[in-house]
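> The listed protein sequences derive, respectively, from chains Y and A. Quick note: the first sequence uses the working numbering, first residue 1, plus one each step. Quick note: the second sequence uses the working numbering, first residue 1, plus one each step.
Rather than coming from a laboratory, the hints here were simulated on the basis of the structure. Treat each hint with caution, since some may be false.
Same chains, same names: a pair is fine if it fits in one copy or spans any two.
[As the list claims (entries may be wrong)] Calculated cross-link-like contacts (lysine-lysine; reagent style DSSO-like; alpha-carbon spacing at most 27 Å):
no.	residue 1	residue 2
1	K8	K128
2	K175	K62
3	K128	K175
4	K2	K146
5	K104	K165
6	K175	K28
7	K146	K62
8	K102	K175
9	K8	K95
10	K148	K165
11	K95	K165
12	K170	K128
13	K2	K128
14	K175	K165
Number of protein chains: 2
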Amino acid sequence: MKKLQLGKVFTLLESGPAVFVTTNDGEKDNVMTISWTMVLDFAPLFAITTGPWNHSYAALRKTKECVISIPTVDLIDKIVGVGTCSGADTDKFEKFGLTPVKGKQVRAPLIRECLANIECRVVDIIRKHNIIVLEGVAAYVDDSRKEKRTLHAVGDGTFIVDGRKIDRRKMMRSKIPAGVWF
Amino acid sequence: MKKLQLGKVFTLLESGPAVFVTTNDGEKDNVMTISWTMVLDFAPLFAITTGPWNHSYAALRKTKECVISIPTVDLIDKIVGVGTCSGADTDKFEKFGLTPVKGKQVRAPLIRECLANIECRVVDIIRKHNIIVLEGVAAYVDDSRKEKRTLHAVGDGTFIVDGRKIDRRKMMRSKIPAGVWF
Numbered sequence: 001m002k003k004l005q006l007g008k009v010f011t012l013l014e015s016g017p018a019v020f021v022t023t024n025d026g027e028k029d030n031v032m033t034i035s036w037t038m039v040l041d042f043a044p045l046f047a048i049t050t051g052p053w054n055h056s057y058a059a060l061r062k063t064k065e066c067v068i069s070i071p072t073v074d075l076i077d078k079i080v081g082v083g084t085c086s087g088a089d090t091d092k093f094e095k096f097g098l099t100p101v102k103g104k105q106v107r108a109p110l111i112r113e114c115l116a117n118i119e120c121r122v123v124d125i126i127r128k129h130n131i132i133v134l135e136g137v138a139a140y141v142d143d144s145r146k147e148k149r150t151l152h153a154v155g156d157g158t159f160i161v162d163g164r165k166i167d168r169r170k171m172m173r174s175k176i177p178a179g180v181w182f
Numbered sequence: 001m002k003k004l005q006l007g008k009v010f011t012l013l014e015s016g017p018a019v020f021v022t023t024n025d026g027e028k029d030n031v032m033t034i035s036w037t038m039v040l041d042f043a044p045l046f047a048i049t050t051g052p053w054n055h056s057y058a059a060l061r062k063t064k065e066c067v068i069s070i071p072t073v074d075l076i077d078k079i080v081g082v083g084t085c086s087g088a089d090t091d092k093f094e095k096f097g098l099t100p101v102k103g104k105q106v107r108a109p110l111i112r113e114c115l116a117n118i119e120c121r122v123v124d125i126i127r128k129h130n131i132i133v134l135e136g137v138a139a140y141v142d143d144s145r146k147e148k149r150t151l152h153a154v155g156d157g158t159f160i161v162d163g164r165k166i167d168r169r170k171m172m173r174s175k176i177p178a179g180v181w182f
């Protein structure tokens with residue numbers, strides 16, 4: 001996995017892919033599927049919606065760390081499987097054949113099978129709205145992966161696969177932060 | 001445009017499309033392009049990232065109302081155009097050939113050319129993080145529209161078009177709220 005400049009990391013989430021969020025509570029790894037994410041800043045800062053109904057929430061609050069891992073279309077059944085069982089009674093890494101990889105800045109694991117991984121620190125928890133604010137502190141992309149299409153959950157049990165890409169970089173140039181020029 | 005049950009409205013945004021947000025400050029309509037959105041609750045509640053750097057922000061704060069309009073791929077150049085000029089000196093509805101349509105619950109206009117429109121009330125502004133929390137109070141979908149593919153901004157000036165859809169409704173059933181069974 002190749003390190004990605006922090007200034008480009010927001011582009012991993014801006015399109016709204018379904019992602020994994022991993023945690024380590026000091027004893028064991030856990031992973032959840034999250035579709036409710038948002039970019040807050042190019043720093044990068046992100047928001048995710050989660051709360052006590054997710055088993056991972058306690059680890060997030062306790063450790064103030066997580067990893068956002070971005071899966072691709074070939075992992076659809078792992079995304080759905082992880083999202084429909086609980087770390088309270090399941091070792092999801094084992095059950096779904098996901099490989100935890102040690103990160104550098106956080107104890108939560110990266111996922112080897114994913115296209116990209118973002119090590120994150122919790123910078124705020126807005127309990128009133130079940131929002132957790134995360135800062136990306138390191139990120140990696142698996143450049144060797146051929147399949148790069150992510151999935152977008154609709155919320156009704158269907159998922160949209162990335163289709164073709166349209167380039168409007170020239171028109172958008174005034175809005176694209178320095179350094180994000182792939 | 002056909003009314004959509006409120007319980008299904010979160011599915012319009014969960015996949016992370018680039019959207020328009022319209023406002024009316026009491027004098028004139030304005031519209032901005034926003035890619036940084038998130039579902040907060042099935043109610044539906046949404047979060048968007050915006051702040052004083054957007055001309056629309058003042059109207060959002062003052063009126064506590066807006067409309068989220070969801071454009072499709074054929075509107076790509078309106079999405080980019082609206083996102084790269086300011087309501088401070090431009091009538092964007094006129095410039096980009098967007099047709100404002102009177103909503104029922106808010107003064108901000110719906111956009112006739114869009115696939116869907118969600119009338120929203122501002123329920124909270126989290127200034128520290130530039131997050132506005134919105135409640136969807138009415139929504140409409142244009143069923144007569146053939147083009148239904150939305151766009152997902154990457155943040156580098158490129159946009160991903162919706163590709164094929166994968167159905168995992170049976171596996172996901174335990175996680176899908178009652179009433180969301182298209």
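> Indicate, hint by hint, whether the structure satisfies it.
Here is how each hint holds up against the structure:
Only between protomers do K8 and K128 lie at most 27 Å apart by alpha-carbon distance; the minimum there is 23 Å, versus 30 Å within a single protomer. Proximity of K175 to K62 under the C-alpha cut-off of 27 Å is restricted to the inter-copy arrangement: shortest distance 26 Å between copies versus 37 Å within a copy. With identical chains, the CA atoms of K128 and K175 are at most 27 Å apart between copies only, with a shortest distance of 22 Å across copies and 32 Å within one. For the identical chains of this complex, K2 and K146 are intra-copy neighbours only, at 15 Å inside a copy versus 41 Å across copies, given an alpha-carbon limit of 27 Å.
Proximity of K104 and K165 under a CA criterion of 27 Å is satisfied in neither setting, with 33 Å inside one chain copy and 36 Å between copies. Taking the shortest Cα distances, K175 and K28 sit within 27 Å of each other only across copies (25 Å), while inside one copy they are farther apart (42 Å). Taking identical chains as interchangeable, the C-alpha atoms of K146 and K62 are never at most 27 Å apart, the minima being 37 Å within one chain and 49 Å between chains. For a Cα distance limit of 27 Å, the shortest separation of K102 from K175 qualifies neither inside one copy, at 35 Å, nor across copies, at 30 Å.
For a Cα distance limit of 27 Å, the shortest separation of K8 from K95 qualifies neither inside one copy, at 32 Å, nor across copies, at 32 Å. Taking the shortest alpha-carbon separations for K148 and K165, both the intra-copy value of 12 Å and the inter-copy value of 16 Å come in at or below 27 Å. With identical chains, the CA atoms of K95 and K165 are at most 27 Å apart between copies only, with a shortest distance of 26 Å across copies and 34 Å within one. Neither within a single protomer nor between protomers do K170 and K128 lie at most 27 Å apart by alpha-carbon distance, with minima of 41 Å and 32 Å respectively.
For a Cα distance limit of 27 Å, the shortest separation of K2 from K128 qualifies neither inside one copy, at 37 Å, nor across copies, at 33 Å. Within a single copy, K175 and K165 get their C-alpha atoms as close as 18 Å, which meets the 27 Å cut-off; across copies the closest is 31 Å, which misses it.
Hints 5, 7, 8, 9, 12 and 13 from the list above are not met by this structure, while the remaining hints are.
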